[in-house]
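These are the residues of each chain, in order.
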Amino acid sequence: MRKFREFFIEKLILICGLAAIFFVVLIFLFLLKEGLSVFGTVSPLKFLLGKSWYPISEPAQLGILPLILGSLLVTLGAAAISIPIGVACAVYIAEIAPLKIKEVLKSGIELLAAIPSVVLGFIGMVTLVPWVKSMFHLPTGLTALSGSIMLAFMAMPTIVSIAEDALYSVPKSYKEGALALGATHWQAIYRVILPAASSGILAAVMLGIGRVIGETMAVMMITGNAAVIPQSILVPIRTLTATIAAEMGEAVVGSEHYFALFAVGIVLFVMSFAINVTADLFLHKKK
Amino acid sequence: MVKFSIRALNIWFDAVHALKNVTMDITANEVLSIIGPANSGKTAFLRMLNRLNELSENFRMSGEVKLSRGNIKDMDTELLRKRVGMVFALPLPLPLSIFGNVAYGIKMHGIKNEKRQREIIKQALKQAYLWEEVKDRLDESAFKLSGGQQQRLCIARTLALKPDVILFDEPCSGLDPISTAKVEEAMLRLKTDYTIVLVTNNVKQAARVGDKTAFFLSGELVEIDKTDKIFTTPTDKRTDGYIRGKFG
Ligand SMILES: Nc1ncnc2c1ncn2[C@@H]1O[C@H](COP(=O)(O)OP(=O)(O)OP(=O)(O)O)[C@@H](O)[C@H]1O
Ligand SMILES: [Mg+2]
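So the protein sequences, as listed, match chains A and B.
Each residue of the first sequence is one higher than the one before, starting from 1 at the first, in this note's numbering.
Each residue of the second sequence is one higher than the one before, starting from 288 at the first, in this note's numbering.
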């Protein structure tokens, strides 16, 4: 009887596991099948490097370079803001803050992580966008910069909490060893603790950026959605994610436009997959 | 000459009274061995001398510790720790190369000239009896060294700073007898230039290396005297018991 139960449970778990893998593969195949069909009408090179995205004009122009650059621009902007602040914040929490402040900050960060992205986008729309507009005397505040600032807020909780974990798990003895050699607290942090935690911190950064690249709603609300190649960070842009979200509803099933959106999905998938794998590599190097 | 003079020193960690009214002197250019059972406050005492205890938020103290007449409380911790080096129980190389480990401290204290750095590092590694074993692999990670070599690397790292005093906290507890012998040899040579305080769980080691020996029990300094005296005719019964117990 017990043997039978063991057997049953084991098989059940096996089936659940297989089902999960099966669905992932299915989704991926579906994405590939739908997405790759677009290359019957445009060449992959033209698709990736084409400068204009007019999916419903006659004939349709399906170049996603503006979208890729839009995504990269907001992401880089968000990284430039969130990485220094996030890592500094993690160092402060892990090493410098007194116990009470540490607790407060940690719950604050968790709270930030818990804000739904739509809400954050909404808040950004009514506060950040007007601010950017008047600050830089722009015709509109719906710009890549607004998107970057807001996405930085989304990446920050991930970066801070994972980087803080990495810093915290550096053996106490490294720090004591450095201090016993007459290092100041800052010298110990900079020369010993940060390098020892570097792979974990890199993973934190990667995961934070991964979150930024995949973000849709909030970016759509505040970046202006103009599918043109951006000349600066102060103009409206459109990201890959926003394009799919905004156009999928209108695209006729089976049309070129429809397949092109799936192909955009593949590009997005490849980008976030690459980032996640890189993050994983760093995390495992640590072990 | 007295290097450290300790008067009525009490240490608490929260409610734990880790050191009780300890008064003693540590003579320059001698090896002082400190023995005692677990939890007798040996490590707490050692970490008092370079103010490492202050890293614990629950640490409190009373009494005074003077290093060559200056109260250590009034000293800059970085300079104090440069003068009073410490080697820990577990060899703790920093996550750097062999060279980087020894260079770390001297770079930090402002020696930027590379030729000068190389000289100091070579000399320190020689003093720690490690030079011959590592001279061709200075750029390798310090973690590739054996445990005994790592411990001597930590000694070299401390020596490179040219301290006055070196504190050893059970430096041989994880080492095999041959590595232990090498570390002991290094300590004996070093005492001509340095003052050495050695905490050890190994009573025989205390007898081999110490000029003086102090016996701690539950935070009290039971007895401190010439090593010969402690090991032949100790004044206190408890010292006698501990030593005999250990000798079997
Ligand atoms: N940071 C700390 N926080 C709380 N209690 C501490 C701390 N450091 C030491 N203690 C306490 O102080 C007492 C003395 O500890 P200490 O480490 O000095 O013993 P020891 O003689 O070195 O023992 P061992 O031979 O096991 O190393 C112990 O009761 C210990 O629990
Ligand atoms: Mg100890």
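Hint data in this document are derived by calculation from the structure and do not stem from the laboratory.
Just so you know, even glycine gets a beta-carbon here, dropped at the ideal spot from N, CA and C.
Don't take every hint at face value.
[What the hints assert, rightly or not] Rough simulated footprint, nothing fancy, chain A against chain B, three-plus residues with beta-carbon under 8 Å:
| id | stretch |
| --- | --- |
| 1 | 339-345 |
| 2 | 387-400 |
| 3 | 440-454 |
Checked hints:
Figure legend: the stretch 339-345 of chain B, annotated as covered by chain A; annotation consistent (3 residues with Cβ-Cβ distances under 8 Å, at least 3 required). Proximity of the stretch 387-400 of chain B to chain A, defined as three or more residues with a beta carbon under 8 Å from a beta carbon of that chain, is established by the 4 residues found. Coverage of the stretch 440-454 of chain B by chain A holds in this model, with 4 residues showing a Cβ closer than 8 Å to a Cβ of that chain against a need of three.
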